Every structure is written in structure tokens, then in C-alpha cells.
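**Student:** So the chains spell out like this:
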Amino acid sequence: MDVARRNNVTVTGNPQGPAVLLAHGFGCDQNMWRSTVPALVEDYRVVLFDYVGSGRSDPSAFVPDRYASLEGYARDVVEVCEALDLRDAAFVGHSVSAMIGVLAADMAPERIGALVMVAPSPRYIDDEDYRGGFSAQDIDELLDALESNYLGWSAVMAPVIMGNADRPELGEELKNSFCATDPDMARVFARTTFLSDSRDDLKRVRVPTLVLDCTNDAIAPREVGAFVHRSIPGSTLVTLDATGHCPHMSAPEATNEAITRFLAGLR
Amino acid sequence: MMCREEHDPRGADQAVFAALLEDSAEELYESAPCGYLSTLMDGTIAKINATLLGWLGRERAAVVGRMRFSDLLTVGGRLYHETHFAPLLRMQGEISGIALEIRQADGGRVPVLVSSVVKHGSTGEPLLIRTTVFDARDRRAYEEELLRGRKVAEEARRQAEADRARLQDALAVLQQALLPDALPPIPGVETASYYHTASPDRLGGDFYDVFPIDGKRFGFFLGDVCGKGPRAAAVTSLTRYTLRAAALHDPDPVSALTTLNKVLHERYAGEGDPRFCTVVFGVLEPDAATGQTAVHLASGGHPPALVLRADGTAGFLPTPGGLLVGILPAAPFATATTVLTAGDTLLLYTDGLTEARTGEGRARLYGDEALLSFVTDHAGERPPDVIHALTELLRGFGDGLDDDTALLALGVPAPGTETKHTI
Amino acid sequence: MSPLQITLRDAVTGPVLNVTGELDYTNAAELLDRITAVALQPGRRLVLDLGGMRFCDSSGISALIAARNHALAAQADFALAAVPDHTLRVLRIVGLDQILTFHPDSDTATRP
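Protein chains in written order, with the numbering used here: chain A, 1 to 267; chain L, 1 to 423; chain V, 1 to 112.
Quick caveat, the hints were computed from the structure, so don't treat them as lab data. Being a predicted model, the structure only gives us computed values, none of them experimental. Ideal Cβ positions, reconstructed from N, Cα and C, are used throughout, including at glycine. Hints may contain errors.
[As the list claims (entries may be wrong)] Computed list of lysine to any residue pairs in SDA-like fashion (alpha-carbon distance at most 25 angstroms, straight line):
no., chain 1, residue 1, chain 2, residue 2
1, L, K151, A, K203
2, L, K151, A, M185
3, L, K151, A, D241
4, L, K47, A, R66
5, L, K262, V, A73
[Stated by the list, open to error] Quick list of the computed label-pair ranges, beta carbon to beta carbon:
no., chain 1, residue 1, chain 2, residue 2, range
6, L, A153, A, A4, 43 to 49 angstroms
7, V, L72, L, E369, 23 to 29 angstroms
8, L, A15, A, D241, 33 to 39 angstroms
9, A, T10, L, Q168, 41 to 47 angstroms
10, A, R66, L, R150, 22 to 28 angstroms
11, L, A153, A, D241, 46 to 52 angstroms
12, A, A4, L, K119, 58 to 64 angstroms
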């Protein structure tokens with residue numbers, strides 16, 4: 001099996017530097033790291049990839065059963081590490097990817113030596129005393145939104161189909177992000193992401209970990225960031241002055257600064 | 001121009017133009033038939049038009065500077081916004097036609113189509129997000145109908161496929177139950193068999209079996225129940241077990257067929273849908289001292305068996321006058337005997353083989369003579385090799401083989417010959 | 001594959017069914033339905049004229065037997081006319097030549 005093709009693996013940066021994996025979250029692909037990559041390429045070997053079912057991954061590799069649990073995605077991460085023979089790599093995961101990184105580090109401790117968890121949440125649904133921020137019904141609504149946008153996409157896709165001569169990169173972006181988000185695969189990823197409960201996995205983290213949360217994140221509120229920090233022994237928590245769930249996009253300088261400082265401290 | 005008004009048009013139209021001129025940009029913004037809003041990059045609402053406020057059922061003061069765009073959305077929509085819409089808007093600078101729902105102050109929901117564009121400053125830094133919101137209630141209702149229709153159709157298709165797969169599994173199991181798993185070893189005799197199923201959807205009516213009768217004799221039979229499908233399979237099952245039981249009681253071939261005839265006739269003749277079969281039933285009696293095997297068989301309406309001799313000759317073992325089994329309360333059966341010596345093979349087959357089409361339509365069938373000629377070329381070969389050759393022959397018929405076909409070969413191997421094929 | 005055509009006419013001896021085309025698994029039941037719908041008086045003769053039948057498989061043979069049983073149940077005679085060589089050969093193999101009556105054509109078969 002060609003893992004590089006399956007996960008659309010891109011390797012850039014300094015071949016001699018320590019490896020850093022950048023893992024996108026649900027709903028996007030490796031392009032979301034475009035503001036992060038420039039801050040890392042000088043000192044690090046930067047590995048980007050798309051999860052199966054996202055971006056430009058190989059759609060034929062999609063097996064619903066495998067990706068019905070975060071372990072399936074984590075196995076893919078381990079296989080990417082093995083294919084590139086990475087050792088002690090730092091895994092930077094956004095949102096659900098932060099939890100996938102936790103699982104991958106547990107499966108292959110020799111491969112993953114540090115974790116950066118960007119806007120992580122180990123469980124999105126409220127549970128007794130735990131406040132995840134959402135109810136099971138809310139998650140169903142998200143699945144509905146996915147479904148209705150499947151039809152709505154025709155409007156989005158029109159400029160791509162017609163071609164957009166003066167902004168070719170726009171067509172590229174749309175193709176990257178929308179084409180590949182097959183609704184059936186997105187549905188599986190959404191269910192796996194938002195119905196997962198990885199709270200117990202946090203306690204098993206044994207590698208240096210940086211937790212990044214945002215002052216104003218509708219998906220992973222600060223109390224969730226604090227919970228993750230509390231659950232991982234020895235972890236560092238940095239709260240970014242950022243709004244939204246994607247600080248690496250909305251506040252790239254502050255995010256890059258926090259990540260590079262943490263990575264530098266590992267050496 | 002097809003038709004031109006000759007009077008001066010200016011009187012009435014001038015009043016309309018005047019009214020249009022009074023429609024300021026501000027008026028157009030506030031009362032446009034779509035919602036407008038502008039937000040800071042963090043989503044905080046800085047400006048919103050009256051149309052959208054009307055849809056939301058909220059006061060301007062409660063919204064501007066106090067709410068974010070995502071606060072206007074349903075929770076599911078907010079998740080979608082945060083994970084998909086917002087990152088894409090960041091990446092592309094614009095995004096259009098995204099279906100979301102906005103929440104009204106009274107808890108109601110309005111399906112909308114949202115497009116946003118980022119306004120950049122003179123140095124390229126993002127300043128604010130301009131968003132238009134279109135009422136999509138009618139469109140969404142239509143889309144939901146489409147989605148519902150698609151779901152129903154997909155569910156029906158999935159169900160149909162599952163049913164079909166389950167049915168095929170069940171049919172395969174039933175078909176297997178009509179045939180022996182493996183033929184028992186017979187001292188001094190080598191056996192081989194093959195079963196071709198014409199259609200996975202239709203249970204076949206062909207059958208065969210080989211089984212021990214007592215310490216020195218073995219029974220065998222091969223036949224064809226008229227018709228196909230579950231009813232034929234039921235007859236096949238009844239036939240197979242009746243023959244085995246009858247042979248244990250009295251192994252004489254005619255007695256076994258007579259018992260079967262009685263059973264089938266009594267079971268089916270009264271129903272107006274008579275069921276019957278053709279069958280060859282026989283007994284093998286290997287003699288360890290001579291290395292020869294005696295064959296006694298009887299046929300009820302079945303095509304004659306073939307005997308392939310070690311010397312390279314072959315011939316039919318005629319059983320004329322044997323009647324279909326099950327058709328009359330008492331039926332005549334024809335008997336035949338032969339002795340198999342080293343290198344001889346007895347071959348039983350069903351008419352799927354001889355009735356295979358070899359040309360267009362049903363005008364040209366394979367036939368008895370072609371079969372005799374074919375097996376003559378394989379006379380002297382061991383049973384597995386004969387069956388292998390016939391299997392290849394059947395494969396060569398392709399679509400011409402549209403009936404089930406059963407083959408059973410029983411032979412006395414010549415000393416020192418190696419079997420080329422294992423069946 | 002040519003479809004099965006069945007026509008009914010009355011001869012002095014009783015009903016004559018002309019069977020044309022290919023008689024097989026797919027349409028044997030249709031023939032049987034037509035035959036059982038034919039009213040038969042005791043002592044009359046049901047004749048199947050197979051002169052136009054180009055193919056007959058085991059289901060077809062079953063239908064012929066059912067036709068014979070239907071006639072016998074009505075205390076009527078049963079005869080086949082103009083049986084094609086191939087079918088005649090099959091009927092011999094299955095031993096039905098012993099219990100069915102054959103005529104070279106329907107004229108002979110309908111002679112009182």
C-alpha cells in the first residue's frame with residue numbers, strides 16, 4: 001500500500017531538521033496550515049498530509065469501518081510515520097487531530113516524541129459534570145448541515161466547473177476542499193469526531209505536550225482546554241488571544257510563536 | 001420593435017424614475033430583499049441591515065457589537081461554520097452559497113444561503129467580512145424533498161441488495177445440501193464429480209451421490225429432476241434421501257427406483273403438478289482379488305451411461321425402455337451391467353451436457369455423438385482427468401450451457417498411472 | 001429465442017392445440033394453463049400438434065405429461081402429432097414413447 005498517496009503526504013522544510021507533522025482537523029485539509037508552514041520550514045522537516053476522506057487523499061482507500069473510530073485515523077498517522085521512518089517527531093494536531101495524535105503516540109511511542117494540541121477537545125458532548133459544549137442533538141444538526149450543503153455545493157462548484165481564468169488559485173482551493181469532501185466520507189469523519197470520547201486516553205500521554213486553546217472558541221471552550229491540560233501530566237497550557245476554532249488561521253503569529261517556542265524547548 | 005406606442009411615454013414613467021431616485025443606497029441596503037451584515041475578522045457584528053434584523057426578530061442594539069455571526073446560527077450550523085466555513089473563508093478570501101440556518105429570537109429557524117467575502121486593507125491585511133444572507137426556505141424545502149427521496153431510494157436499493165445477497169446465500173446453502181460434500185473412498189475405485197450451476201438465482205434440479213451400502217458394495221446415483229427452482233429442489237432432496245434409504249433396505253437397482261417411483265408418485269401425482277425425475281441408480285462391487293469392479297445399474301428415463309475403456313474405446317451402456325420416475329403408479333426400469341477392469345471408467349452425466357447449444361439459438365446442440373467422440377479421446381484416463389476434460393468442455397460452451405449439469409465418473413485406476421488433475 | 005405461440009382449434013375428434021416456438025422453463029406453465037383451460041368431454045381426444053415446436057426442455061416434457069394427465073382425468077384420449085425428431089429422441093430416452101401416442105401429423109391424429 002502506498003501510504004504517501006493514500007494520505008497525500010507532502011514533505012517540506014529542512015531535511016536535516018527534527019520532524020514536525022501537521023495534522024488538519026475535521027472539515028478541512030492540509031491547506032489550513034499554510035500560515036504555519038513558513039514559520040517551521042527553516043529549522044524543521046515538515047510533514048503534511050490529508051486524512052483519508054479529506055483533501056486529496058485517495059478516496060478508494062476509504063473503508064467506513066476503519067474510520068468509524070479515531071484509532072483508524074491514528075493507525076494511518078503511525079503508518080505515515082513508518083513510511084517516512086520518523087522518530088521522535090512532534091505531532092501538531094488541530095481539533096480532533098489533537099486526540100488522534102494522542103492515540104498515535106500511544107501506539108508508536110518511538111515515532112512521536114511530542115504533542116502540540118491546537119484547540120483540542122476529548123469529548124464534544126456534555127456528560128454529567130463534564131462540559132463539552134454540545135448535546136447529541138447538536139451533532140445531528142451538524143450532520144444535517146453537511147447533508148444540505150451537499151446539494152448547496154452546486155452553487156459553490158459552478159465557478160470551478162466554468163473555470164476562473166483570472167483567479168486560477170480559487171478553483172484549486174475549491175477543488176481541494178470541496179471536491180474531496182465526499183458527503184458520505186465527511187459524515188463518517190463527523191460522527192467519529194463528534195461522538196468520540198477520548199478523555200481517558202489523555203491520562204496515558206507520556207510525551208511533552210503543549211495545549212493551545214483560544215479565548216473565544218465556540219467548539220472547544222476554555223474549560224475544555226483546561227480539562228485537557230489538567231488531564232495530561234506535565235503539559236503546558238497556552239491560551240491564545242484568538243476568536244474561533246482555528247487560531248493557526250485567525251491568529252497565525254501568536255500560534256506560530258507558541259508552537260516554535262515549545263518545539264525549541266524540546267531540543 | 002414589434003410594436004411601438006405612439007403616444008409620449010414620459011408622463012407616467014417620469015414619476016417612477018423620480019421615485020427610484022429617492023431610493024438611496026442606504027435605503028437599498030436596509031430594505032434589500034436579502035440580509036446584509038459586516039463583521040470584524042473575529043465575527044463580531046459591526047453592521048446589519050433591517051431585512052436581516054427582521055428575519056432574526058432582534059433589535060439592532062442587541063446585535064451590533066454584542067453578537068458574533070456564528071451566534072446567529074443553530075448549534076449544528078455553528079459547528080459547520082467553525083470547522084468548514086470559517087477556515088475556507090480564511091483560505092480563499094470568499095465563500096458562497098453555503099446552506100445554514102439562522103436562529104430567530106423566538107427560537108424559530110430560517111434556512112438561508114450565505115456568501116461572504118473578506119475586505120482587505122491597502123496593505124493586504126484582512127479588515128472585515130461582508131456577508132449576504134438569502135432566504136432559502138422554499139429552496140430548502142425542495143432540497144429536503146430531494147434528499148428525502150434520495151434517502152428512500154438508497155434505503156430501498158440497499159435493502160434490495162441485502163435481500164438478494166441473503167437469498168443467494170440461502171440458495172447456495174440449499175444447493176450444497178443437495179450434493180455430497182465429498183465422495184467416500186471406495187477400495188480399488190477412483191471417483192470424481194463436477195456440478196455446474198447454470199444460475200445462482202435458480203436452484204438446480206440435478207443431483208448425484210455415492211455412498212457405502214455394506215462392507216463390500218457401494219451405491220451411486222445421478223439424476224435430473226424436471227424443472228428448476230425451490231419446488232424442483234424439494235423433489236431433489238426427497239429423491240436423494242429416498243434413494244439412499246431404499247438402497248440400504250434393498251440394494252437392487254430396480255427395487256431402489258421402484259421405491260422412489262412410488263414415493264414421488266404418491267407425493268406429487270395428486271396435486272395436478274406432477275413432479276418426476278430421470279435417474280441412473282447403480283451398485284458397485286469391487287473385487288479385491290481380481291481388481292475388477294462389477295457394476296449393476298438401472299435407469300429411469302435417464303440418458304445412457306458411458307463406459308470408457310482402458311484400450312481407448314468408449315461406448316454407451318444402453319438402458320432403453322426405462323421410464324421417467326414418478327409419472328405412473330408402476331413404471332418399468334431398464335437394467336444394464338458391466339465390469340470395470342483396470343483403466344476403465346463409468347461416466348454418468350445429465351442432459352445439460354448433451355443439450356448445450358453450440359451455435360446460435362437452439363438449432364445446434366452438442367448431442368450424444370459429439371459426446372461419445374469426445375470421451376473416446378479420453379478413454380483410458382483416470383476419473384479426475386476425464387472430469388477435468390469435461391469441465392473444460394463445459395466452460396468452452398460459454399453461454400451455450402444454460403442448464404445445470406452434473407457429472408460423475410467412477411473408474412478402476414490402471415496400476416502406475418498418475419492423476420493429472422484433482423477435482 | 002422465439003416466443004411460444006399456442007393456437008386452439010376444434011377437430012372432429014376434439015380440441016387440437018398447435019404449439020409453435022421454443023417450449024422451456026420460462027413458458028411451460030403458460031402451455032399448461034392453456035391446456036387445463038380446454039374443456040374436454042369423455043371419449044374425445046386432446047391432440048398437441050408439435051410440428052412448429054423448435055425446442056423442448058425437461059420443463060416442456062413435464063408440461064406434455066401434465067397434458068396427458070389432464071386428458072386422462074377427463075376420460076379423454078391424448079395424442080401427440082408431428083413430434084420433431086429431437087423431441088422424439090428425448091421422449092424415447094425418458095421412456096415416454098411407451099405411454100404416449102404419436103401420430104405423424106394432426107390429420108392422422110384427428111381421424112375418428
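**Student:** Work down the list of hints and note, for each, if the structure agrees.
**Tutor:** Hint check results:
1. L:K151 - A:K203: violated, 41 angstroms
2. L:K151 - A:M185: holds, 16 angstroms
3. L:K151 - A:D241: violated, 44 angstroms
4. L:K47 - A:R66: violated, 46 angstroms
5. L:K262 - V:A73: holds, 20 angstroms
6. L:A153 - A:A4: 43 to 49 angstroms: This hint is violated: roughly 38 angstroms between Cβ atoms.
7. V:L72 - L:E369: 23 to 29 angstroms: Given about 36 angstroms between the Cβ atoms, the range is violated.
8. L:A15 - A:D241: 33 to 39 angstroms: violated, 57 angstroms
9. A:T10 - L:Q168: 41 to 47 angstroms: Holds, at about 45 angstroms.
10. A:R66 - L:R150: 22 to 28 angstroms: holds, 25 angstroms
11. L:A153 - A:D241: 46 to 52 angstroms: holds, 50 angstroms
12. A:A4 - L:K119: 58 to 64 angstroms: violated, 39 angstroms
This entry does not satisfy hints 1, 3, 4, 6, 7, 8 and 12, going by the numbered hints stated previously.
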